[in-house]
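All chains, please: the whole structure from these sequences, using the hints.
Protein chains: 2
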Amino acid sequence: MTTPTTRAECQQLDFGDPLAEFRAEFVLPDGVIYLDGNSLGALPRAAKERVRETVEDEWGQGLIRSWNTAGWFDKPAVLGDRLAPLIGAGPGEVVVCDSTSINLFKVVISALRMRPHRKVVVAESASFPTDLYVMAGATGLLDGYQRRLVGQDGQQLEDVLDDDVAVVVLNHVDYRTGHLHDMAEVTARVHEHGALVVWDLCHSVGALPVRVNECGVDFAVGCTYKYLNGGPGSPAFVFAASRHHDAIDQPLSGWHGHAAPFDFTIDYQPAPGIDRFRSGTPQLVSYAALEASLGIWERVDLDALRAKSQAMVSLFTDLVEQQCAGFGVEIVSPRGTGGSQVALRHADGYAVMCALIDRGVIGDFRAPDLMRFGFTPLYLQYVDVWDAVQALREVLATESWRHSRYASRATVT
Amino acid sequence: MTTPTTRAECQQLDFGDPLAEFRAEFVLPDGVIYLDGNSLGALPRAAKERVRETVEDEWGQGLIRSWNTAGWFDKPAVLGDRLAPLIGAGPGEVVVCDSTSINLFKVVISALRMRPHRKVVVAESASFPTDLYVMAGATGLLDGYQRRLVGQDGQQLEDVLDDDVAVVVLNHVDYRTGHLHDMAEVTARVHEHGALVVWDLCHSVGALPVRVNECGVDFAVGCTYKYLNGGPGSPAFVFAASRHHDAIDQPLSGWHGHAAPFDFTIDYQPAPGIDRFRSGTPQLVSYAALEASLGIWERVDLDALRAKSQAMVSLFTDLVEQQCAGFGVEIVSPRGTGGSQVALRHADGYAVMCALIDRGVIGDFRAPDLMRFGFTPLYLQYVDVWDAVQALREVLATESWRHSRYASRATVT
Chain A
1 MTTPTTRAEC
11 QQLDFGDPLA
21 EFRAEFVLPD
31 GVIYLDGNSL
41 GALPRAAKER
51 VRETVEDEWG
61 QGLIRSWNTA
71 GWFDKPAVLG
81 DRLAPLIGAG
91 PGEVVVCDST
101 SINLFKVVIS
111 ALRMRPHRKV
121 VVAESASFPT
131 DLYVMAGATG
141 LLDGYQRRLV
151 GQDGQQLEDV
161 LDDDVAVVVL
171 NHVDYRTGHL
181 HDMAEVTARV
191 HEHGALVVWD
201 LCHSVGALPV
211 RVNECGVDFA
221 VGCTYKYLNG
231 GPGSPAFVFA
241 ASRHHDAIDQ
251 PLSGWHGHAA
261 PFDFTIDYQP
271 APGIDRFRSG
281 TPQLVSYAAL
291 EASLGIWERV
301 DLDALRAKSQ
311 AMVSLFTDLV
321 EQQCAGFGVE
331 IVSPRGTGGS
341 QVALRHADGY
351 AVMCALIDRG
361 VIGDFRAPDL
371 MRFGFTPLYL
381 QYVDVWDAVQ
391 ALREVLATES
401 WRHSRYASRA
411 TVT
Chain B
1 MTTPTTRAEC
11 QQLDFGDPLA
21 EFRAEFVLPD
31 GVIYLDGNSL
41 GALPRAAKER
51 VRETVEDEWG
61 QGLIRSWNTA
71 GWFDKPAVLG
81 DRLAPLIGAG
91 PGEVVVCDST
101 SINLFKVVIS
111 ALRMRPHRKV
121 VVAESASFPT
131 DLYVMAGATG
141 LLDGYQRRLV
151 GQDGQQLEDV
161 LDDDVAVVVL
171 NHVDYRTGHL
181 HDMAEVTARV
191 HEHGALVVWD
201 LCHSVGALPV
211 RVNECGVDFA
221 VGCTYKYLNG
231 GPGSPAFVFA
241 ASRHHDAIDQ
251 PLSGWHGHAA
261 PFDFTIDYQP
271 APGIDRFRSG
281 TPQLVSYAAL
291 EASLGIWERV
301 DLDALRAKSQ
311 AMVSLFTDLV
321 EQQCAGFGVE
331 IVSPRGTGGS
341 QVALRHADGY
351 AVMCALIDRG
361 VIGDFRAPDL
371 MRFGFTPLYL
381 QYVDVWDAVQ
391 ALREVLATES
401 WRHSRYASRA
411 TVT
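In order, the protein sequence lines correspond to chains A and B.
In this text, residue positions in the first sequence follow my numbering: the first is 1, and each later residue adds one.
In this text, residue positions in the second sequence follow my numbering: the first is 1, and each later residue adds one.
Check each hint, because a few of them may be wrong.
Said to hold, decoys possible - Simulated coverage check for chain B against chain A, where a stretch passes if three residues somewhere in it have a Cβ under 8 Å from a Cβ of chain A:
1) 100-108
2) 135-141
3) 226-236
4) 338-344
5) 364-370
Stated by the list, open to error - What follows is a set of in silico ranges between Cβ atoms, one per label pair, in the way DEER data are often shown:
6) A:Val78 <-> B:Gly326: 45 to 53 Å
7) B:Thr337 <-> A:Ala367: 52 to 60 Å
8) A:Asp249 <-> B:Gly216: 32 to 40 Å
9) A:Pro334 <-> B:Ala367: 39 to 47 Å
10) B:His117 <-> A:His244: 35 to 43 Å
11) A:His244 <-> B:Val300: 43 to 51 Å
12) B:Thr337 <-> A:Thr69: 32 to 40 Å
13) A:Arg243 <-> B:Arg402: 25 to 33 Å
Calculated directly from the structure, the hints in this document are not laboratory data.
For glycine and all other residues, C-beta sits at the position ideal for the given N, C-alpha and C.
If you want it as structure tokens, here you go:
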């Protein structure tokens with residue numbers, strides 16, 4: 001594709017967009033170009049009704065009976081199965097529950113127990129921080145563990161891998177830069193050393209096709225409130241390859257992960273399969289919105305999604321390069337080979353982003369100097385990319401950001 | 001109070017009920033007498049609008065900006081402060097997050113770390129099972145812990161308390177029988193031995209006034225979907241006495257419990273105070289319903305609540321005794337000195353309960369033979385108690401339960 005040089009040419013791309021129909025399924029506020037769907041996805045119109053139904057009909061009218069009649073108890077497994085194709089997992093390999101942080105804790109402890117004689121965990125210094133915090137929390141409960149950080153003091157993955165490594169936790173897509181790991185290659189490398197790999201898919205699920213089983217992945221976790229559009233804080237998911245299920249021994253052993261939760265026995269007996277990752281009672285009203293969103297995802301061609309994502313990322317990058325040259329902006333992200341986001345470095349990035357938000361172009365900011373723009377192929381148009389760059393150019397050229405209200409923290413991922 | 005002997009007398013009690021006004025604030029399905037609010041509370045009318053607003057306005061229109069403009073980030077603390085008076089806690093001592101199971105895990109590990117040289121945990125054999133499962137999960141991560149069970153082989157609390165005990169986890173109200181512990185007395189007894197106490201308030205919060213600080217309690221956990229009417233699986237809470245806050249070191253150290261979550265630093269630094277019990281991103285749509293429900297609770301006189309609860313429990317018990325004699329029913333619960341629920345034992349309890357549910361009288365069943373009836377003073381009337389007993393008598397007298405469809409599992413707490 002040659003980069004369009006006019007808005008009309010962008011419009012032509014929209015006319016030919018095979019995913020164009022999906023935009024109408026989302027609520028998009030007037031006057032807003034939303035480039036932060038990598039942080040919180042937009043509201044699917046169907047979610048409004050599905051949430052209303054859950055609250056008013058299932059809870060209000062069905063009351064306790066809805067645990068059976070509305071299938072509440074099985075929602076974590078049912079939604080897991082519906083999400084599975086988005087990450088290349090099979091039925092019974094994904095369960096939707098809790099938060100990414102809590103699911104990672106369960107997975108890390110499980111993985112360490114599967115490699116009891118290895119006392120090293122590996123993570124990335126550029127990791128989304130909660131992964132590091134949770135790993136520290138998990139290993140802090142056990143004796144003698146050591147952490148090695150890829151990216152610290154220039155260390156590469158191959159520098160830290162050896163036969164002492166039990167588990168490697170990696171972010172499929174870097175939350176700041178959008179850098180994308182080669183999942184197959186990296187997983188194979190970790191396995192060569194006999195370690196287990198956990199992929200954090202928060203910034204890749206719904207942004208590009210993920211193929212955990214094709215890549216031989218052991219475990220994965222991720223959230224559903226970014227590209228998956230499940231709503232603020234919607235429940236997270238956990239994947240475990242079925243070959244590991246019998247070995248999984250996770251310590252957040254709540255009654256919903258019990259083999260027979262309604263027998264109310266004194267001793268814990270883990271449920272067979274992926275359900276043993278469940279813990280307490282699921283927050284069902286939050287599941288309702290995700291359920292509606294998955295109804296959209298089931299109709300999405302993930303290869304078309306990836307193609308549009310890459311085209312939008314390239315378009316944005318090219319236009320910024322052409323139209324914002326000389327304004328102190330540096331392009332940090334890979335050009336179409338990474339995730340569905342672009343980071344721009346600018347010394348006054350925070351103020352520039354605030355000025356953009358004031359104009360209705362919503363991205364976010366990551367300290368100290370990165371402006372992030374997410375490109376969600378389901379509800380963004382090529383003209384949005386064009387218009388966003390025009391707004392950015394104007395803010396930079398007029399230095400209007402010097403007068404912005406610096407109002408938004410704009411930092412929640 | 002002399003027990004009413006007619007429905008008209010019950011109606012008189014309703015006319016004089018100081019809590020009568022609250023009934024109109026709840027959705028109650030036609031033809032249903034709902035005696036399972038101790039398992040899942042009824043829908044507050046205000047919750048419908050608050051959820052809609054969260055979904056359509058805050059998420060749909062505000063998008064990522066609502067983390068600031070709608071106060072999303074602070075919801076766990078803000079709702080914690082609003083819930084605190086219901087359990088006798090102070091501001092900054094309660095946070096709303098995750099599930100009871102997960103919060104108990106955090107609390108148990110924290111407590112064990114505060115008593116590092118003691119290697120015994122105490123629980124009850126009659127405990128709601130998830131507490132036992134979670135304690136086993138927690139101690140299973142650590143070396144050399146032993147569990148002692150009150151109620152097993154006739155053991156009383158005083159039999160198992162000694163200077164080896166680190167933490168005692170107790171259910172304030174027994175989920176099956178409704179037995180109520182004397183929180184002040186038991187807490188003092190545990191403290192005499194230098195151990196810490198954790199109270200599970202799931203079956204007492206919103207059923208009766210709870211006074212954690214007056215009783216010197218160390219930690220408490222509980223859910224909000226029973227008497228508090230927060231909706232199916234609504235987020236749970238955790239209380240820690242402020243004197244312990246600096247010592248709390250909990251392992252589910254996710255970014256929302258970090259002192260500066262938006263600095264995205266590599267190392268975990270716990271937030272000051274109760275916020276360090278937070279972990280991942282809160283499921284905000286589920287918080288919305290609870291928020292509406294707390295708006296009702298702020299207007300409830302807890303002493304009046306307790307008085308009505310005891311009156312309803314006594315009324316039900318007396319009427320069952322008078323009107324269901326000879327049908328093989330045994331009253332298992334304390335008569336107004338326990339929680340806000342009554343358990344009846346019957347050899348065919350499951351079938352009897354199914355038949356009752358078919359008639360619109362909804363209670364639940366706990367294996368092997370207990371029928372449970374919950375009395376929620378905010379939305380139940382004395383005539384409901386009367387009508388429920390008439391239905392029970394008719395089912396038992398006609399043995400209509402022999403033909404019931406046995407359809408409902410009716411076993412979710």
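Status of each hint after checking the structure:
no., hint, result
1, 100-108, "holds (count 4)"
2, 135-141, "holds (count 5)"
3, 226-236, "holds (count 6)"
4, 338-344, "violated (count 0)"
5, 364-370, "holds (count 3)"
6, A:Val78 <-> B:Gly326: 45 to 53 Å, "46 Å, holds"
7, B:Thr337 <-> A:Ala367: 52 to 60 Å, "57 Å, holds"
8, A:Asp249 <-> B:Gly216: 32 to 40 Å, "37 Å, holds"
9, A:Pro334 <-> B:Ala367: 39 to 47 Å, "57 Å, violated"
10, B:His117 <-> A:His244: 35 to 43 Å, "37 Å, holds"
11, A:His244 <-> B:Val300: 43 to 51 Å, "49 Å, holds"
12, B:Thr337 <-> A:Thr69: 32 to 40 Å, "36 Å, holds"
13, A:Arg243 <-> B:Arg402: 25 to 33 Å, "49 Å, violated"
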